[in-house]
Structures are given as structure tokens and as C-alpha cells.
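**Q** Sequence:
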Amino acid sequence: MRMYRALALASVSLLASATSAMAEEQAASNETISTDEIIVTARRREERLLDVPKALNVVSPEQLSRNNITRFEDVQQIVPGLNLQNSNNGMVQNTTLRGVAFDVNSGVNATVEFYLNDAGIQQNYIYQSMYDLGQIEVLRGPQGTLRGRASPSGSITVSTKLPDLDDFGGFVNGSLGSKFYGKNAQGAVNIPVVEGVFALRFAGSIDDNKLDGVRSAYPDIFPDGPYRRSWSERVSARFQPTDTLEFNVVYQHLLSHQLSYMQTQSTCLFDPTVSCDDPGNGTSYVGLVSATDRLSTVNGIRRIRQTMDIINGRADWHVLGQKLSYVGQYAVAHLRPATPQDFGGYYTSSAASGLTYDGVTASRNEYQTHEVRLSSEQRIAKIFDYVVGYFRLDTPTDNAITNAPQIIPAATFPYVQPILPLLGIDAATDCTLFAPFYSCSSGSKTLQHGNRTESAWFGNLTAHPLDKLEISGGARYLIDKNFSYFPSSAMLPVDDRRDSAWIWTGSASYHFTPDFMAYVNAGSSFRQGTQSIGPIAAALVSGSTVPDDVYNKFVSIKPETSQSYEGGIKVQFWNRRAGFNLNYYHQNFQNFLYSVPISVWFVLDNGLVRTTSGFLANVPVKVDGLEADGYVRVSPEFTADFSLSYAHGRIKNGVVPCNEGLPSTPTAAQIQASGGNIVTCRTSGPSSFLPPFTITASGTYTHDFSSTVTGYLRAQGTFNSHSLYNDQSPFDYQNSYAILNAFVGVRSPDSSWDVSLFVKNLTNTKTILSTYGGNVPATTTLPSLAGGASYSSAYSYTSITMPRQIGVTLRYAFGSR
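Counted the way numbering that gives the first Met the number 0 counts, the sequence shown spans residues 0 to 816.
Hints may contain errors.
Claimed, not checked - With a straight-line Cα cutoff of 27 angstroms, these simulated DSSO-like cross-link-like pairs (lysine-lysine) come out: (1) Lys322 to Lys160; (2) Lys651 to Lys621; (3) Lys178 to Lys765; (4) Lys557 to Lys480; (5) Lys552 to Lys651; (6) Lys651 to Lys182; (7) Lys381 to Lys480; (8) Lys322 to Lys467; (9) Lys322 to Lys381; (10) Lys765 to Lys209; (11) Lys552 to Lys480.
These aren't lab readings, by the way, just hints derived from the structure by calculation.
Work the whole structure out from these sequences, hints included.
**A** See below:
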């Protein structure tokens, strides 16, 4: 908090473009940065953005600052087609690109891989804090023949700012906004310890916000409001003893605490078959609740404590026109979320009012990567560039999942609970003391251990047979191994699998002029299959196993393969005061790893009927898409830019588990009438719940009031089309909507100081983003000792856009910054 008070007000906010960073305003000279001046490392060497034969977006630190982006998930505001979801449970971060969804709970590899300073890392480490960055690069399409891991949809590289070997400098910036925005402070200082040889950079961030603003519908029981408070520190060291050797090491630590509630709304507001006068199946009822009320009818608080430590290192040796590089990383995360299990609010409506119970997960996750690469810095025979390398990944994981005891008031003595505190008795822990007055479950604890490894050899060769022509091709051979078991649960099967595959990429590009390039590229990808734990766990707690016909189809999943084809152009004109990029792509998936979006009923081997989420299915998918971005500098004072993304992904007659033809609570006979222990359907629904079309646009006007003060006005808007209809979850539908942000401020001509006001969601747009589970309401299931009955509430899960936020930002920078 001392750092927070010292920084006081707020961080610079701006609003330039984002997707390609092509219309970036250059602070010192008040000029627009064209694509000719943007340098990227997408192909493991520095080159102009205009020369890269693939779709690529760049987000600079100036863009993040000017748009007042302090949360990683908000990067999607300026990169169309990129969806970043950071749930309030602290465990689920989903990244989607190019029209195919990814669910981190599925346990499969991501469709989009993440890198921190060029070293592979899990996305949860990136989402938790964002400060003092050098650049973010979003690559679209299949990856894996130049570095890291294979991924079908793309990759995101986040680079922290390197220490400056020559100059002392730093910055401080902070932001203070309305109650939902909260407070954020960041700072860094650069120290050249030995000028030109060794330097250190210290950076830190403190963030305090109100998350989505959702509060409990039972304020007498849960009066606390939501919050997330995080503290992060980073130290970077750079050592360059000779002109041919360079070493970079980064250490980062994060600690966060979080309290949140699961937002709900009345089911009758979106399901016409449900009456708004129906209070649910004997559960609590607080009246009509809409998404705009930002309330939770779940009985309980979700509390999370999280720590993360990252050590990241790189060594480069430049020798004989070649570069030998090592990139390594060790990251460890400790996560302890306590999530309420009384989803239906059962205890709030009973004699046990005030009781609740939680599911607690104690998780320790490691992520280790090592990569060695040899690449050319000078062309071989003046024609060829190459990259060859070896990659190794290890991700050992330990989870301890605990469900606390449940206390269910017995009908024979419904009024005993209120007097228990007077006797000094805690009903939530002294469960067994109350029989026969209470039905009691002692809780459960499940241990899980696992390790996923990958070894891969990769290479890429680029030929320049003509000055204007470039042809490249690459390949990767990978071996994926996954081993997972539950030492505390012998009935859960061991998941022990080994897969190997070849993937490839190829491209050709031609520069008709230095400012006009056309290209085509193609590539393949591979993702290992997995075993879904949700259905298996549901069977385990019922003392049974999953039938073979269910397990083999929708629990143990085959690997996925895909092929992608892309063509595009990159153009600059009007003396490089304007330009645009345009590309079209087509992608085919075989055995796409599809996460079924609903809870599905099925019959266990012992004849019991259960419902659970977490089923998977291998389905064929095809995606077609169009991406474009452009900029124009109308005058020295006014610049504008736009970017858009269209992705149409469809399942092609895939077989998935469903509840078609079943009543709300089916019997085993009704399910088995379909010919098996689970009902299946054929679907050609969307491969993602996200809007297929997104467009962003921004404009900036500047005016010099004097030689020392420049004023500016910026506006940035994002439009999202409606989502595609999904027959499996027909109510989970998002209407089209637009968000407009505005910024006004003053700064010095060299941007050494900046003060601005911002308004996010200027029009206070209120659009429901999701209705989880469709018409399946929030439900509490009692333990088997109480008969295993389920109590459904009158409410279902939902989420909504953030409300209007108003704030101020302040930034001061000095020296090398």
C-alpha cells in the first residue's frame, strides 16, 4: 500500500488502434508509425511487420497505456477476433481465436499458446498481472515449426521491457476510477550498473478492483462486496560481456486475494416455459432478479488466494553469422479457491439458514520449458535463412479437492440450528454431533497427481531465390505424454497416454513494391486427446463406474488434427500515411476436441442416474474467416484506424451427448430407450459461442496549446455481432452490442508526463454475455445420506457487460523510461 499511496492517481490512458499498431502515434515527433517501422520477432528474427507472410497483430506499451488497459483480458478491446476470458474463480482462463472455442476445464492443450519473453508458459500466469511490457504479438494460424508448442489457432507472445544498458530512467503511473474500476499503480526504474555491460530493471504493480460488481442477494448473511487485490514485483537483469554474448534473466512474483459471487438471474426472464411466480423446488426465493441487478442467489462466497513465481532466462551467442539461443522458464503457482456448493441456495431457505458448505481445491502447478535453437543471422549462399531447435516441456501437477461436510436439517427437529451458537457448537464442522436431528455427510477429499511432457524437434527453411520472392517451409516432430492418477480413489482410471505426430507449415510471398506484398501460407496442427474427469467423478461419488459406451465416446477422447490455408495482402500508400492488411483463411479439423456446453444425464453401471458437465466429443469442424485492419493519417493532428475479424466455425454433423427427448429429471429406462446409457444427437452447430464478427475503430485528435503542452481527444469503439444459435444450449445467446470509450487529456510533447480523464462504456451499454447451462437452473444436490435429492432454484447463471466507468490517469517518465 505504500507504493500505492506514493503513486496516488492514475495511469496514462489512450486509445489508439490496437490490432496492428499501425496507426500508433509517435509521442516525441507527433508522427504516425507505419507498418514499415514496426519491428516484430514472429519468425525468430527481427523484421518489418510488412514482411511477415501471415496475419499478425502488434500491441505496443503506448497503446496499452493510452487505452488505460491494466487487465490482460482487456487487450481484446483492441484486437478483434481475440476473446480473453478471466473468470472470477481464479482457475479458468479461456483464450479463443479464429472461431473455435477452448475450455481450460477440459484438460486438453490450448488452441492458442502463450509465451513470456519467448519461453512457453500457461495462460493463467499471463492473465494475473500486466505491467512494464515491451510488446504483445498476436500470431494467427497454426504454430510450432519455429519454436515452442504446436497450436492450431495462433499464439500470443508477451515481452517484458528489457533493462537499458546505458541510461538511467523509469516511470510511475496510476489510475483511479469509479467503484467498479478501482485503483491501479505501476512503476519501474532502470539502473545501468556497469554502463554498456550490465543493467538491472525493477518494476512493480498494485491493483485493487471490484471485479464485475456482483454482490450477494443475502446481504445480511454475506455483506462483503467483491474485490480482487494483487501485488506483483519483477526484477530483470541484462548482461552483455561482449558483442557476441548476451544473457537476460527475469524473476517475477505475484500474490492475489479475491472475493467474488456467482452471478445469477431469474430463469423465467429467458425461458418462456418457466413461470416468474415459481419459487423453485423448495429453495430460497428473493423475487425477480435480472442480470442488471448484479446479484448472486448462490449461498456462499467464493474466496481465492493465489501466488505465482516465474524465473525466465535467455542466452544468445552470435558466432560466424549464426545465433545459438537457449530459452528456459520455470513457473510455479499455488492456488487455493474455496467455492460454494450450495448453488441452489438450499440452506438459506431452511431451518439451517446461515449454513453453507464449500469445495476447496489446493493446487500446485509447475510449468518448465527448455528450448535450444540455432538460426542464421547472415543468409547462407545469400539465399537461405533457417531455424532448427529442440523443445522440452514438463508440467507436474498436484491437486487436493475437498468438499466440506454438509448439514441437512431433519424434519423431526427443524428448529435446533438457531440455538447451536448459544451452546458454542459450530454446525459447519461438528457434523456428526447432531444425528438424528440432522442428516450428515462427513465430506470427501480427492487427491490428483499428474505430469504432462512434450519433446519436439523442429526446423524451418526460408529461401529468397529472387529479391522480391520468398518461399519457406517447416516441420515439427513431437511426442506428447500424459500421466494422471488419483491415489485416494482407486476406482478412478489412470490416464496414461503417449502420442506422436508430424506437423508442417509453408508459405510464399512476393513484394510487388516495397509497400505492397501478397502471400499465401498453409499449415497443420495436432492436439493430444485426454480423459474427462467430470463424468468419472460423478460416478465415483455414487459408488459406481462410467459404462463403456459412455466412456469410450465422450470421456476418453482421441487426438485432434487440423489443416489451415490462408492468403492475404499488406499494403501501404499515400507516402505511407495510410495502409491496410487483408487476409482470408480456411481451416479443417478432424476429431476437434469439443467441450459439451451443457450438463448431460447418463446411467451408471449400477443403474443410478446422474447428470454432470464436462463431457467431451470428437467432432469434425470447418472454419472460414476474413481479417482486415488499416490506418490513415489525415493530417498531422488527426489519425484514425480500424480492424475487423469474421470467423464462421461450424461442427459438421458431429455426434455429441445431449438431453433430447428427456424430461427434466429422467429415469434410467427413459435414457436407455435411446439405445445406450446416454442420449446422443447429431449437430451442425457453431464451434464457438462467441460473436462471429467483431470490428474496432479509433480516432485521435491532437492540438499544441504551447511548446510545452499538447492536448488530445481520443475515441475508441468496439462492435460485436450477435452470437450464432446453438441447438444444445439455445438460451445461451448473445445479442449484438457496441462499447464506446473516450479519453481527453494533456501531455508534454515528449510524453514525459501525461494527465487524462477516461470514460469506459460511455453509453452504459448493458448486454447479457452468457447464460450458463441454458435452461438448467442453479441446483443444490444433497449427499447420499440425505437421499441424494436435488433442489433447483428459480435462477440460472449469467454474466453482463461492465457498467460505465469514469476515472483519471497520471503518468510521469524520466530518462530511459
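**Q** Run the structure past the numbered hints and jot down the numbers of the failing ones, going up.
**A** 6 and 7
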